[in-house]
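With the sequences and hints as input, model every part of the structure.
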Amino acid sequence: MSFFHPLIPLVCCALGAAIAAAHGLTPINRLVPTRIYGWVVAAFPMAAFISLVGMADQLFQGQMKAIVFQQPWIPGLATDEGSGISFSIYLDGLSILFALLITGIGVLVTVYTGYYFSGTKTAWRFATYMCLFMVSMLGVVVAGDLILLFVFWEATSITSFLLIGYKGESEAARRGAFKSLFITGGGGIALLVGLLMISMITGTFSLGEVLTQGDVIQASPLYPWLLALVVLGCITKSAQVPFHTWLPDGMTAPTPASAYLHSATMVKAGIYLLARLHPSLGDSDLWFWSLTSIGAVTMVTGAWLGVRQTDLKALLAYSTVSQLGALVMLIGQKADIAFKALAVGILAHALYKSALFMLAGIVDHETGTRDLRKLGGLRAKMPRTAIVAMVAGLSMAGLPPMFGFLAKETMLAMVAHPSLPDVLVFLLSSAAVVAGALIFCQAAILVLGTFFGSSRDQETFDHAHDAPWGMLLAPLLPALLSLLIIIPVSTWPVELLGAAAQSVYGEKVKIDLSLWHGLNTALLLSIIAVSIGTTLFLARRRFIALQHRLDPGPVCNALYRGSILGIDGSSWLVTRVQNGYLRMYLLIMFVGLGIMVLVAGLPPLPTRLPPLRLDDGWVLVRVVAIALATAAAVSTVLLKRDLYAILALGASGLAVAVLFLLIPAPDVALVMIVVDILMLVILVLALVRFPKPQREGADELDYQETWLGKWRDGLVSAGVGLATALAMLFVLVTRPDPAGLGEIAWERESRVTDFFFAAAKPLTGAADVVGAILIDFRATDTYLEIMVFALAGAGVYTLLRFASPAAGDDATDAAPADLQANRGPGASFWPVAESPLTRLLALLILPLSLMLALAHVLFGHDQPGDGFTAGVVASLAVAFWYIILGYEGVHRTLPWLRPMNFVGGGLSLGIVVAIMGAIFNQNAFSPVNFALMLGITTPYGISLSTGLMFEVAIFLAVLGGATLVIDTLGHPRDRDTESDRQATLLPVLEARGDVTSPLEDEDEDDSHAASVARED
Amino acid sequence: MEVLTALSVGIMMAVGVYQILRRNLIRSAIGLMLVANAVNLFVIYCGAYRGDVPAYVDVAGARSDPLPQALVLTAIVIGMGGFAFVLAMIYVFCVRYGTGDMDKVDRLKH
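Read top to bottom, the protein sequences are chains A and B. Heads up: the first sequence begins at 5 in the working numbering, then just goes up one per residue. Heads up: the second sequence begins at 234 in the working numbering, then just goes up one per residue.
Be aware that one or more of the hints could be misleading.
Pair by pair, the computed Cβ-Cβ distance ranges are [as the list claims (entries may be wrong)]:
hint, chain 1, residue 1, chain 2, residue 2, range
1, A, N925, B, V292, 21 to 31 Å
2, B, A295, A, I193, 44 to 54 Å
3, A, M937, B, V292, 23 to 33 Å
4, B, A295, A, L844, 24 to 34 Å
A few chain B residues that face chain A, going by a derived Cβ cut-off under 10 Å, partial list only [stated by the list, open to error]:
hint, residue
5, V242
6, Q252
7, R256
8, I263
9, M266
10, I277
11, R283
12, G284
13, A293
14, L300
15, A308
16, V310
17, F316
18, Y324
Read the hints as simulated data drawn from the structure, not as lab findings. All residues carry an ideal CB built from backbone N, CA and C; glycine is no exception.
Following this line, the structure appears as structure tokens:
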């Protein structure tokens, strides 16, 4: 057998889905009618079915317990010593039985789907969902990994949701779909936790290994919890009380889906998983009592509720619930006969129930209704359908010589088994007999009420006609199989069921499919059940009336509705926290952060502080800088006007630069100084563009805040500040202190710094270690950072050019007064007064700053300064030009100033540096010294290397990014637009005396500039 | 001195956070910068050594730690870029919503 053989069924079904979807393509859709296309798609599950039969043969003949395929999927997610999550397949008797059912019925249903949707053009969507479901369901039963199994499990829930909600225009379909997803999805979460607990205990995700570690799992204290979770997942999927309500509501799905998902396959996923895990979780008392009670209650409830249904599909749905209950009950038992009953029951139920569903679909299709109150006597119109329904109905009723009879007999033999306590035998037998009688009654109502008697609705009767053979074939085959499987022509069914039962039970289970077991308790019980059933059927009107009188109302639905209402209600709570106020979110984040730092990361506070060093001569400067930085920061709060606060911020930044200088970190201090100034310039430039009412309104806002809010924010910030201060103190006193100046409890050690000191000169040729780190050791990081900086510039450009209202946004078609105010400063800031002195200054400052920048670039590797400083210094000069000369002036006098080109050039140059390093040193960004290579000695210690090129690249990118921001802020386009608007508004404004003339000249700009100066 | 430094960084951080939480968007921008300054100071004080001379290869004495300096250096420049971007965003907010009040910016989804 080839390695990939176990994958074939899954691949076939997936291909089927693709082919089904292909019918959505217009040419294919036109060419091939839906009816024919059903046959085409059915070929794929057929192939899967055939390959599975081959595998089953191998399994029966060979000695191996299971066919296994394993491929690592997420090996990194391993538990301590486990193997991680794998894409593995585990095929044993139980999996084969289910897989054969899934693909076999899948073939029939696909063909049936083609006929059911015959004449419509959009059925490809449905067929695709069906095939996708087939893949998922097949995945569930063949998965050999717990997580893989869960993934497929959820996929069945989702595809089921899509299928139930297929007729999305109907509200009932939407509700039914949501309900099924809510219940099965909720169970899925419980299941996931349960499966994770199992893998935690066993240390593996592999199903094969989990199955052998039953003792370990049951010995664990987590066992009751994980059992509860797994069982919850399974009983929601398999529609057990009280979660059964989604199944009848799911009948809004088109009938092929009901026949396939909600009778034969998906609802059996829970049964499958319980049976699958029986070897490791089962056989405990907890298992026995929980499954037996849930199953028995469900069995009776489903049967009781089904009788009074008038909708064919609803009736079938309730009988399915009842059958599923019986199966769950069987899994809970301990005797071997239970597992024979389980295997037989699964097969029998799948056969007759899918047949009956498809027949109900045919009736619906050919008469236009599936309401029992309108049907009757259809035997005359639909003889072929009637015969098939008779056969399947006999099996459902549990009458000989059908397979259903055998299933019921075996189950009755189980509930009367001598190994059970007497009380339980009595209870379970009564439950089984009652359920059997009710199911018998349902079968009779279903078949006799539809096809026999007299018609109850003449119109429906006249409308009816028999189904085409192709459509009838789908229910015919399973119905016939229910009849023929008991004829011993082949040992195949016996082997299949035996292997399935053995996988669940763990030991060999004797299976024989003969109908006559002699006169025993089971037969007796069966006869009682049939008699009661017949009586009930004959007196069905009175019985149903009695049921209605006894009805306690939709208890389980109320549970569901209650939980939905509860969730809706709790959204109230959530919106109290998620209230849409951004500040509140920030506040909560800060509180969380503060708590994390204070509680989790609270460092051991030092008992003794290092002595104060007064001998370094800088103490005074240090104290003054600290005081200045802190005081300026505090005064940003106290100053009421934004502009003053901004100036205070600048002062604080400069003081911080002094502190950097005292580290001593001259490179950082330099950058800090220039950046601080440039930032202030940008901030002021941006601020004057703000519409005036908003700026003034913003000033007022401070007063609108409540004292409570201020105190709350103050407390939070104080907490964050305290946490920061404590962490800072801890960091400061634990610094390595080679001079041994202080006595501290614990010292950090530095591992990388010494390396940098030792390697800077030989590896990079730079004496400035900070520069060496920037342009070499962390060059990739530096490159990414200049890229980010350039992107930020581009972001400003995009926001102001395209997202601001000037670009055709109507969000602020505000009042004329607003516009007028807006025009003032924003329009006239550039150019400001141009005096000869300022012009001279500007002319001087640009070449000077460019020389300064050049020096930084050339000598940055040995001296303080680098490309960043150079870029910012040059940008400052450019900003000055913009202020003095205005946008047009700068563009006229400096035609070479194209920010985008700078950015592009800098970033490209960086790439070149990386490539050169890669070519010459096989290491991107590593320095290449051209002077050394060419044998040239450079004057003044200038290094002719890629390091220099990288400094230039940084310089260009930073200059480009910064000038892009300045250029955008200085762009007169908004002003133009506003003058245009004012031109149209002019008459109005002039009439109000608000404006003198829209055509401003230089002088008027002066006066506006003066008014700006007064304002600020 | 260590206590004083720690206190100062803590106060700057606290003031920054307080400013970020203001309704006035411009104050939030100021707060952002203050927090950035405090964090930069914090990182640079995290340096392994208490230095007396700059981190050059060919100098004698206790050199400062170059690694946090390199990190902070780029952080400062990026901080400026980010700050300019935030300002542009605030500007667009102010013009679109007609207010600089953070509590009134409630139509982010439009």
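Do the hints match the structure? See the list:
About 28 Å separates the C-beta atoms of N925(A) and V292(B), a value consistent with the hinted range of 21 to 31 Å. Checked against the hint of 44 to 54 Å, the pair A295(B) and I193(A) fails, with Cβ atoms roughly 58 Å apart. Evaluation of the 23 to 33 Å hint for M937(A) and V292(B) yields a pass: the beta carbon distance comes to about 29 Å. As the Cβ distance of A295(B) to L844(A) is approximately 46 Å, the hint placing it in 24 to 34 Å is violated.
Because the smallest distance between the Cβ of V242(B) and any Cβ of chain A comes to about 5 Å, under 10 Å, the interface hint for this residue holds. The closest approach between the C-beta of Q252(B) and any C-beta of chain A is roughly 6 Å, which is under the 10 Å cut-off, so the hint is satisfied. Residue-level restraint check for R256(B) holds (minimum Cβ-Cβ distance to chain A is 5 Å; threshold 10 Å). With a cut of 10 Å, the hint placing I263(B) at the interface with chain A holds, because the nearest CB-to-CB distance is about 5 Å.
Hint status for M266(B) relative to chain A: holds, with the closest Cβ pair at about 6 Å, below 10 Å. Interface restraint check for I277(B): the shortest CB-CB distance to chain A comes to about 6 Å, inside 10 Å, so the restraint holds. Interface hint at R283(B): satisfied, since its Cβ lies 5 Å from the closest Cβ of chain A, which is below the 10 Å cut-off. Annotation: interface hint on G284(B) holds; nearest CB of chain A at approximately 6 Å, less than 10 Å.
Given the 10 Å rule on beta carbons, the hint for A293(B) is violated: about 13 Å separates it from the nearest Cβ of chain A. Annotation: interface hint on L300(B) holds; nearest CB of chain A at approximately 6 Å, less than 10 Å. A cut of 10 Å between beta carbons decides the hint on A308(B): the least distance to chain A is about 8 Å, and the hint holds. Because the smallest distance between the Cβ of V310(B) and any Cβ of chain A comes to about 5 Å, under 10 Å, the interface hint for this residue holds.
Proximity of F316(B) to chain A holds as hinted, the smallest CB-CB distance being about 6 Å (cut-off 10 Å). Taking 10 Å as the C-beta contact cut-off toward chain A, the hint placing Y324(B) at the interface holds, the least distance being around 6 Å.
Figure legend: structure checked against the earlier numbered hints; hints not met, in rising order: 2, 4, 13.
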